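S.K.: Those protein sequences? They're chains P and U, same order as listed.
All residue numbers for the first sequence refer to the working numbering, where the first residue is 1 and numbers rise by one.
All residue numbers for the second sequence refer to the working numbering, where the first residue is 292 and numbers rise by one.
Careful: at least some of the hints might be erroneous.
Derived lysine-lysine pairs resembling DSS-like cross-links, with alpha carbons at most 30 Å apart [stated by the list, open to error]:
#1 P:K25 to U:K404
#2 U:K404 to P:K214
#3 U:K426 to P:K214
Counterexamples of contact, computed for chain U against chain P with all Cβ distances above 12 Å [to be verified]:
#4 H339
#5 E341
#6 A415
#7 Q457
#8 L495
#9 Y502
#10 F526
#11 R538
#12 G558
#13 L651
#14 Y671
If you're looking for bench data, these hints aren't it; they were derived computationally from the structure.
Keep in mind it's a predicted model, so treat the numbers as computed, not measured.
Ideal Cβ positions, reconstructed from N, Cα and C, are used throughout, including at glycine.
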Amino acid sequence: MMTRISALALAAALVLSPLAAQAEKVGNVGAVNVSAHGTPPGGAKRALSVGLGVEKRERVETTADGSAQIVFNDTSTMTVGRNSSVVIDDFVYRGGGGAQGVSVAKGVLRFVGGGVSHSSGANLKTPTASIGVRGGAVLVRVGGPCGTLVVHQYGVAEVSGAGGGSETLNRAGFGVCVTESGVSEPFRVPPETIAALIAQLESQAGQSGGARRKPTNQEANLGLGNDRPPYVDPPPGLDALIPVWAGNALVQSQANSQNQPSPPATEERHSEHYHYYYNGYGPTGGYGYYD
Amino acid sequence: MFGFCEKRAIALGAILFMSAIGTSYGQDVLTQDIEAEKSQLATHIQLHPEDYESTYRYVRVTTELRDYEAGIGALERLLMFNPKLTRARKELGFLYARLGAWEMAAQHLRAVKAAGDLDPVQMAQVDAQLPDIEKRTQTNRLNVRMHVGLRAQSNANYFPANNLFQVGGIGLASPNGKQGDVNSFQLIQAAHDYEFGNQRGDRLETRLTGYATQQFNLPQYSVALFAGTIGPRFFVPQTMFHSLSVRPYLTGAVSMLGSNNYLNTGGAGASVRAEFAPEIWLEPGAEWRSLWVDPGRGFFGVSPYATLSTLATGDAVTGYLSGSYRLLDGVRLDGRVAYSRANAGFAAQSSDQVDVQAMLRLEVDPPLPIIARRWTIAPYARFTNLTFDKANPLVNPFVARRDVAWTYGMMLDAPVTDIFGFAGNLEFARNDSNLQNFKMQNVSVSFGPTAKF
């Protein structure tokens, strides 16, 4: 009897193992505002919740009130804004590199890179663009007259248009529009556009990102400490000394000539004004003082 | 094989190199421990996003490791849990600033100010840095630093040690001597950038410096110096460096000594700045200047003793290498090495100069929490070797002048508010010339208020 049960268990394990291999967890839900759903490959649509595992090829969709942050195994994060739909096409992380691919069908997405993007790069796809993110962070919006708007935050973003053309973004705050006709020249994205994108990603009033207990400022003050941030503009260094040294050089240059005594007449050599000494260089030779 | 001064130069280089290596090695060991902690925390908070204590620790650890993106992801998650978590938003703004994402940083920090629920210490940090961050988002920006105060010198007339001179090769002792003096000084440094608007960040850079002193007892040595450079900086698209730019520029200076125009210069140069990472950059360059010394005196005939001055009418070519390396979050090593060839009309005033400067900037916490900016204590050293082509018969017809000068100092920059602060400097300078006339020592102390805007 025991042998038969073991055989059945073994058979079941063999049958189910391909499914287990398919359900490859690539990260977890970090935060979620309802309603946001995930649809794993071959699985049913499910409501996302904080801490839930996310699989490769899972589709993440949000409604007009929904948003979600996915934390990948390489510490990269993807925040999916309202009215969005994305698919995690690929994720492989082997410590020193791997592959990461996400397709955005609609909506707003913020990608902040981690281990994969810092080594082999991550790839984001939209209906009109392919965005290679190397060690960086980008904001992406799909929809509207701009087609795909890519706003660079950090690192390097190589943007290719499905209809041809490409641009490399490497300066924070600059972006491109990618339509079916191609990729625009990089331009400085207006602050209000960036603000609107941030608003699409953040929790609205009354939302708590799925947290059972909200974090408080008091806890944050204790946890984050009181270290002062570094200077945006560096403190004075050698550059602050150079004018002072230049002033010294002017004075020293002039003083060198003004301090020089006049050559005294021979008969005045024993005057009380100057005391002569032999030196090692001059024609008098020798060394030592005399009056 | 090496003289005493060369040995000291080598020793200084060795000390700086070993301290950099030592700091680097110690940092490596520390980094390995923190990396392990970061990895553990990352795994933990991925599975338990509501463990806030671990999340805060993760933010601090990743910040220390300069993995700012990891900290950003964690803080943005906290803000999804509580959009009114102003303290987290403040940290998020400053992390974006560290990445150079100025617009994102400014938006978050403005939101922090608007919320107004941070304690005064935290709010003071935002007030102190937000104006600088907002400037970075502008295409037309001006930064000005002013420093006024008093400076005391033990040897304001640069008189030779022991009052000894050579005159035509004959030694004599002067009855005069060094004179200490105090001056009031004003220093203003302005940096203006005008961006051309392209993504590369090409811009026109203008740098102006004004420096003036008023000696209390030796008015003939009061100085007024105005200097400036102007030139575009073009960024080169490439993938080898974090950033690479080229800057051709024009440079010029006008100065007064006492009530007379003393030195005027004009020239041009070019430099290439390579940022290997945000923490380290090098900037080699070359510059040519024409010099006019004491031009007003020419109408009345130049004193023959003018040929003893270090500076002379002619031209100078300089090759230099500047650099900076941030060893730790609050520790930066700056350096500059330069070689100059000065050609004067009188061969005894033509010279070769090697100039080596190094400064270690240590950012420290000020004594009061309400002071938002870190203070900077910066020990520094400078070595110059100045060799003239020919002997000056007025001093010694057989010996060409050779100066080996050392300067050691300590600079303090102590901002108190977002605009005002104090700065001070203690410096010892020594010139070991091979001619008694130019051997000298000078100790100077300066202190006074600063302002930046």
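S.K.: Determine for every hint whether it applies to the structure shown.
M.R.: Taking the hints in turn, this is what the structure says about them:
{"no.": "1", "hint": "P:K25 to U:K404", "result": "violated, 40 Å"}
{"no.": "2", "hint": "U:K404 to P:K214", "result": "holds, 21 Å"}
{"no.": "3", "hint": "U:K426 to P:K214", "result": "violated, 34 Å"}
{"no.": "4", "hint": "H339", "result": "violated, 7 Å"}
{"no.": "5", "hint": "E341", "result": "violated, 6 Å"}
{"no.": "6", "hint": "A415", "result": "violated, 10 Å"}
{"no.": "7", "hint": "Q457", "result": "violated, 6 Å"}
{"no.": "8", "hint": "L495", "result": "holds, 17 Å"}
{"no.": "9", "hint": "Y502", "result": "violated, 4 Å"}
{"no.": "10", "hint": "F526", "result": "violated, 9 Å"}
{"no.": "11", "hint": "R538", "result": "holds, 15 Å"}
{"no.": "12", "hint": "G558", "result": "holds, 15 Å"}
{"no.": "13", "hint": "L651", "result": "violated, 10 Å"}
{"no.": "14", "hint": "Y671", "result": "violated, 7 Å"}
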